[in-house]
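Below, each chain spelled out in residue letters.
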Amino acid sequence: MRPTSWLQREWAGAAASVLALTLVTGAIYLFREAVPVLSLGVLYLFAVLPVAALWGRVYAVLVAVASMLAFNFFFLPPKHTLRLEDTENWFALAVYLVTGIVVSELAARARHRAAEAEQREREEALLAELSIALLQGEQLTAGLDRIAEAAARVLGVERARLELTDEAAPALGEKVLALDVGARRVGTLLMPAGSEPDPSISSRFLPALASLLAVAIDREELEREALAAERLRLSDSVKTAILRAVSHDLRSPLTAIRVAAESLASSALRLSDADRRRQLDTVREESRRLDRLVANLLDISRLQTGAARPRRELVGVDELVGQALTELAGDDPSVKIELPPDIPFVEVDAVQVERVLINLIENALRFSPVDENVIVRVTTSPIEAIVSVDDRGPGIEERDLERIFEPFERVTDGDERRGTGLGLAIARGFAEANGGRIWAESRPGRGSTFMLAFPVAPAPVRGET
Amino acid sequence: MTGQRVLVVDDEPHILRALETTLRGAGYDVDTATTGESALTQAAVHPPDAVILDLVLPGKSGADVCRELRHWTQAPVLILSAVGEEREKVAALDAGADDYVTKPFGVDELLARLRASLRRATTSGEPVIQIGDLRIDLEKRAVFRNGELLQLTPHEFALLRLFALNESKLLTHQTILREVWGAAYQQESHYLHVYVSQLRRKIEPDPSRPSHLLTEPGAGYRFVA
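Residue numbers (the numbering used here), protein chains in the order written: chain W, 26 to 490; chain S, 359 to 583.
The hints are simulated quantities; they were obtained by calculation from the structure and are not laboratory data. Some clues are possibly wrong.
Claimed, not checked - In silico SDA-like links for lysine to any residue, alpha-carbon gap of 20 Å or less: (1) S/K418 / W/V395; (2) S/K418 / W/G470; (3) S/K418 / W/S393.
What the hints assert, rightly or not - Simulated coverage check for chain S against chain W, where a stretch passes if three residues somewhere in it have a Cβ under 8 Å from a Cβ of chain W: (4) 382-396; (5) 471-478; (6) 553-559.
Glycine included, C-beta positions come from ideal geometry on N, C-alpha and C.
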């Protein structure tokens with residue numbers, strides 16, 4: 026406790042004692058005509074009791090003694106002296122005095138017990154608060170100051186700080202309390218020089234605090250390990266998926282290219298001009314597909330490391346769709362485009378959004394039966410421009426509608442032919458990086474629709490007509 | 359023009375197109391299919407002389423297609439597989455496929471394998487087979503190397519006979535065990551390894567570097583001249 030507050034407390038005690046004594050003396054003075062004066066001496070207990078309860082036994086005894094002296098001086102004959110005429114008055118005074126002292130002792134004890142109960146309550150409250158916070162997974166390091174502050178309150182010192190290293194560096198003269206669980210040093214509680222925490226409180230409170238901290242530290246350690254293990258597992262599965270992508274998905278276009286190219290070079294084969302053109306088309310288209318696969322692998326790693334910052338510019342949605350189609354298939358007749366009369370403009374990184382559209386359309390083509398069309402439709406609402414890509418493929422189960430946007434997820438596990446499982450993850454990554462959103466709707470057995478939405482940007486000012 | 363009919367099954371349209379064009383250029387009549395189901399229908403409508411079958415297909419797998427084809431046709435089946443599909447490849451070979459090539463394969467390799475498969479399918483059973491320096495008399499159950507009679511146990515002979523009748527064809531462990539020892543022994547690969555090494559000591563000029571009885575890692579054995 027700080028010296029100033031201690032002094033204030035003592036002064037308050039003295040003042041209260043004097044006040045109580047004066048009040049009771051005044052009261053007796055008022056009643057002295059109506060009631061036999063000797064019996065009024067008992068009223069001094071009303072001065073002793075509150076002083077004993079609030080300021081302890083020293084003040085109470087002083088007040089008891091002073092009361093008897095005042096009673097004698099003011100009210101017992103001969104008045105205004107400390108002498109007494111009657112022996113019975115001596116007896117009465119002695120009884121009052123003993124009663125006063127006994128009562129004050131009882132009151133002081135009750136007060137002490139109350140204070141102790143309050144203290145324990147504070148300790149328990151802190152420990153409970155701590156365990157709740159730690160059980161709820163609060164970060165220990167973030168809460169250190171709060172714990173130290175509460176511990177200071179419990180120990181009755183001005184302030185404290187808590188360090189979790191076993192080699193705390195105390196400032197000059199700082200008081201150091203170790204927090205140990207068995208032989209293990211959990212942390213150290215440091216408080217300003219001259220602090221005198223109550224040893225009985227320390228011996229009770231500090232081990233409990235130490236055990237709680239130990240549990241919390243262990244829990245955090247386990248959590249960290251679990252997190253590290255999870256990260257390792259994830260990066261491992263990413264590597265596995267990339268290996269699989271390289272081994273399978275890159276081999277398909279490579280196979281087509283090699284067969285087509287070698288057939289063109291072979292003198293043993295007899296190819297018509299139309300056949301030669303077909304083989305050349307295969308080489309050209311599959312090279313581009315290979316290039317897109319490699320770009321996808323690069324994109325996903327950029328997205329995962331956060332290196333894909335969009336360079337946004339104002340662009341018409343029709344242009345985005347057109348570019349994507351040119352890049353994808355030239356003039357694939359099975360892709361139909363439907364545009365609204367008023368072309369919406371959006372503010373996006375054109376290259377990235379084209380990649381989103383390419384992945385969506387390529388997916389749709391892959392899943393659609395050969396003789397069915399893929400429909401790319403642009404619609405607008407007052408706030409959004411929406412591009413939907415419609416296929417007549419097998420559709421997607423409701424439960425898979427979100428999962429398919431995760432990297433390396435395919436519609437069915439182990440379905441090797443459905444590409445790397447990167448296209449949709451990249452599509453979502455780029456869409457969101459550009460302020461858009463992407464989602465899928467499906468009617469299993471009848472096809473799927475992938476929707477890409479961006480906020481509409483104000484159209485550029487057109488020339489007067 | 360060979361005029362033989364080849365059914366090509368692959369779910370990658372570009373591979374399918376490139377193969378179709380190439381095989382047509384090599385003189386075959388070509389049918390194509392993109393799924394296992396359509397392949398079986400196609401095969402029933404136009405029975406093929408050989409099938410080139412991708413291992414991983416939507417719906418029915420290559421091994422399933424192979425098994426169903428074998429119910430009614432002995433047309434050779436050539437599997438297209440990729441690295442990482444070894445298990446499926448062995449399953450298809452066990453189901454009756456004749457050989458495989460690994461993507462990305464060369465045109466020459468594919469055509470050579472296809473020709474070999476078709477040739478095997480058309481050779482009729484001869485009582486005496488001459489392979490390199492070995493002469494195998496199936497009726498008299500006698501084997502000569504450079505004219506010298508070799509002493510073979512009945513199982514060794516049965517093994518050599520199976521290899522000789524399937525020259526240059528890949529035989530899986532399971533197929534060999536089933537043919538030589540019976541269906542109950544299909545999983546007992548160690549029998550096979552022991553007998554193959556015994557047989558190599560008798561028929562190979564240098565048993566540690568076999569030139570006839572070749573190991574196909576992870577798949578089986580192949581007997582070549």
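Hint-by-hint comparison with the structure:
no. : hint            : result
1   : S/K418 / W/V395 : 19 Å, holds
2   : S/K418 / W/G470 : 18 Å, holds
3   : S/K418 / W/S393 : 18 Å, holds
4   : 382-396         : holds (count 5)
5   : 471-478         : violated (count 0)
6   : 553-559         : violated (count 0)
The structure fails hints 5 and 6 (numbered hints given earlier, in ascending order).
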